[in-house]
Amino acid sequence: MATGEIAAKRVSAASPPRSLMAAAGVMALGWLVPGVGYWVSRKWIRGALVLVSVVAMFAIGLALHGETYTFNTGAILDILGFVGELCAGALYFILRLAGGTVANYYSVGGDYGTKFLIAAGLLNLLAASDARDIFLGRKR
Amino acid sequence: MSLSHLAAVVLFSLFASIVFGITLREDVREQVRYGLTAFAWFVGGTIATAWVLYFLNRH
Numbered sequence: 006m007a008t009g010e011i012a013a014k015r016v017s018a019a020s021p022p023r024s025l026m027a028a029a030g031v032m033a034l035g036w037l038v039p040g041v042g043y044w045v046s047r048k049w050i051r052g053a054l055v056l057v058s059v060v061a062m063f064a065i066g067l068a069l070h071g072e073t074y075t076f077n078t079g080a081i082l083d084i085l086g087f088v089g090e091l092c093a094g095a096l097y098f099i100l101r102l103a104g105g106t107v108a109n110y111y112s113v114g115g116d117y118g119t120k121f122l123i124a125a126g127l128l129n130l131l132a133a134s135d136a137r138d139i140f141l142g143r144k145r
Numbered sequence: 003m004s005l006s007h008l009a010a011v012v013l014f015s016l017f018a019s020i021v022f023g024i025t026l027r028e029d030v031r032e033q034v035r036y037g038l039t040a041f042a043w044f045v046g047g048t049i050a051t052a053w054v055l056y057f058l059n060r061h
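Just so you know, the sequences run in chain order A and B. Here the first sequence stands for residues 6 to 145, where the numbers follow this note's numbering. Here the second sequence stands for residues 3 to 61, where the numbers follow this note's numbering.
Pulled out of the complex, with its shape left as it was, chain B reads as follows (with noise of 0.2 Å):
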């Protein structure tokens, strides 16, 4: 099996964010709302990383 760069971010955000609103909130639609924020930030926070890390690998 390979997974591209990106299904491997998604991949791991989605089940880490499932696991992470069902422990640190209560309510279930806390639970959505912290999973979506979660997943958003992974996902995000990752590209926002690797643009970084692209630029400043070619200055």
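For reference, chain A alone in the conformation it holds in the complex (with noise of 0.2 Å):
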């Protein structure tokens, strides 16, 4: 057997099991609000350094200028934009209701501010989904 099969069966022996609901949940949660997802399940530092990482990424990308996707059907490059932007929850929700970005092109800095807006929500993405795999029990 596997090491990665038996610490699976170690984790999974010693919490109790989950419903796919509520990891649904969890992750949701975590997409909403950066590393909340993780403090569901106890998880306090790896939350928070999730959150402030998350959050000043994104706060970098507004400094420099980056731009707002919105939502789109024109170039796949917008379109994927958006989607990442849109990965980052809440915080893309509040940009979009204090009225958005418009990316300054004329400069590097504006370019530099919409792949951090973007790998922002990326990243967010991937927490969300490690914080429902430890909810599950797959992972520690």
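Derived from the structure by calculation, the hints contain no laboratory data. Bear in mind the structure is a predicted one, so any value in this text is a computation, not a measurement.
If you want a taste of the chain A side facing chain B, the calculated C-beta under 7 Å gives, among others:
1) ARG51
2) LEU54
3) VAL55
4) SER58
5) ALA61
6) MET62
7) ALA68
8) GLY114
9) TYR117
10) ALA132
11) ASP135
If you want the footprint, here are the derived chain B segments under chain A, 3+ residues with CB under 8 Å:
12) 8-15
13) 23-35
Where is the CB? At the ideal position from N, CA and C, for every residue including glycine.
Take the two lone chains, each set in its own frame, and fit them into one complex as the hints suggest.
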């Protein structure tokens, strides 16, 4: 038996079985508020680090005048940009409510800012997925 | 706000490495080691690529 399987059985034996619906809720919570998905499983430090990292990246993206994408069916990069930023959860919705931003492409900073905004969303989605795995006992 | 290219790379790498370390490894020691390795690869890879592009542009 592989080491990974032994570890998975040990983790699943130590924690009670969780429903997939509850796990989906944890992931949704982690998506909406960065890092909070970890706090459900009492992983306080991990959650705090993810919260600080995602919020900081998003804030730097805003400070650099990154572009806020909205729903669109245009160029594929614009669609992917929207999906990436949407992954930041509440941060994206707050930004949209505040009016959003338009990238300053006359300086390289605006392009960097857009990348920071998108990366913040993608990292948030990765962390939310990880929080779900921890909740389900697939990972410690 | 304006950032130098290097500062942007370092900040991006720092936060991405933290999240990578947390999500892709289980034990704290492994997480720290993976985070540091990812950070070094992010920054080192970017600087190396920049030098390659610099010499390609010259020739």
